[in-house]
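Q: Listed below, chain by chain, are the residues.
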Amino acid sequence: GAVVSQHPSWVICKSGTSVKIECRSLDFQATTMFWYRQFPKQSLMLMATSNEGSKATYEQGVEKDKFLINHASLTLSTLTVTSAHPEDSSFYICSAPPGTGNFLDGYTFGSGTRLTVV
Amino acid sequence: AQRVTQPEKLLSVFKGAPVELKCNYSYSGSPELFWYVQYSRQRLQLLLRHISRESIKGFTADLNKGETSFHLKKPFAQEEDSAMYYCALTRRGSTLGRLYFGRGTQLTVWP
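From first to last, the protein sequence lines stand for chains P and C.
As numbered in the numbering used here, the first sequence has no gaps in its residue numbers, which increase by one up to the final residue, 1595.
As numbered in the numbering used here, the second sequence has no gaps in its residue numbers, which increase by one up to the final residue, 278.
With the rest of the complex left out, here is chain P (with noise of 0.2 Å):
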């Protein structure tokens, strides 16, 4: 089936620094990336949607500055939390839905990254 790969699973920061999170389609080509947050125990936030060859859309209430999303090709979207602050502390999951590579198993998700800024 359809694979997402999630890089890197797992990231400490600095706070002030930025962290770059990277969602590869392995076997497809997606053309449209969803981007979640996903706090202990609770459900998965969508943050924005990414779609190659054009800008991401956000969702309301999601700083566009922050979390700059960038969909380079069609398997490749990136998502850069910008001067991270111990409040972004999360885990971050990527999605690619069906129609990106016409699969039938609904839609495939990364394997999350956890952000710990310090």
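Hints are computed from structural coordinates only; laboratory data are not their basis.
Hints may be right or wrong, so weigh each one.
Claimed, not checked - Here are the simulated DSSO-like cross-link-like pairs (lysine-lysine), alpha carbons at most 30 Å apart as the crow flies:
# : chain 1 : residue 1 : chain 2 : residue 2
1 : C       : Lys-232   : C       : Lys-176
2 : P       : Lys-1543  : C       : Lys-232
3 : P       : Lys-1518  : C       : Lys-232
4 : P       : Lys-1518  : C       : Lys-224
What the hints assert, rightly or not - If you want the footprint, here are the derived chain C segments under chain P, 3+ residues with CB under 8 Å:
# : region
5 : 211-225
6 : 266-278
Note that beta-carbon positions come from the ideal geometry of N, C-alpha and C, so glycine has one too.
Given the coordinates of chain P, work out where chain C should sit on it, guided by the hints.
A: Relative to chain P, chain C alone:
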């Protein structure tokens, strides 16, 4: 507006007991409903989708449009079923649309 409600944050049962994870939804159009499962230290994976009408790992879920529910059931729970379960919906027929998630139910099956 769309909303997925999972009323139980935590659910514990003993091995062999029946289990039901509740999910209610509100959606203005025609929804497609899913159950996703997240085992410890693993990524989310699809468990069921209502249009498939299938049984996976002994789990079934029936879409009740009158009650706007999509409860997940298993007659005999196993320890390996312990995981986080998310109910989700999207617009029916959509292959590029976003998923709306419930808050999740942490299921623990005791030996």
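Q: None of the hints should be skipped; say for each whether it holds.
A: Here is what the structure says about each hint:
no. : hint                   : verdict
1   : C:Lys-232 - C:Lys-176  : holds (23 Å)
2   : P:Lys-1543 - C:Lys-232 : violated (41 Å)
3   : P:Lys-1518 - C:Lys-232 : holds (28 Å)
4   : P:Lys-1518 - C:Lys-224 : holds (23 Å)
5   : 211-225                : holds (count 4)
6   : 266-278                : holds (count 6)
The earlier numbered hint that this structure contradicts is number 2, and it is the only one.
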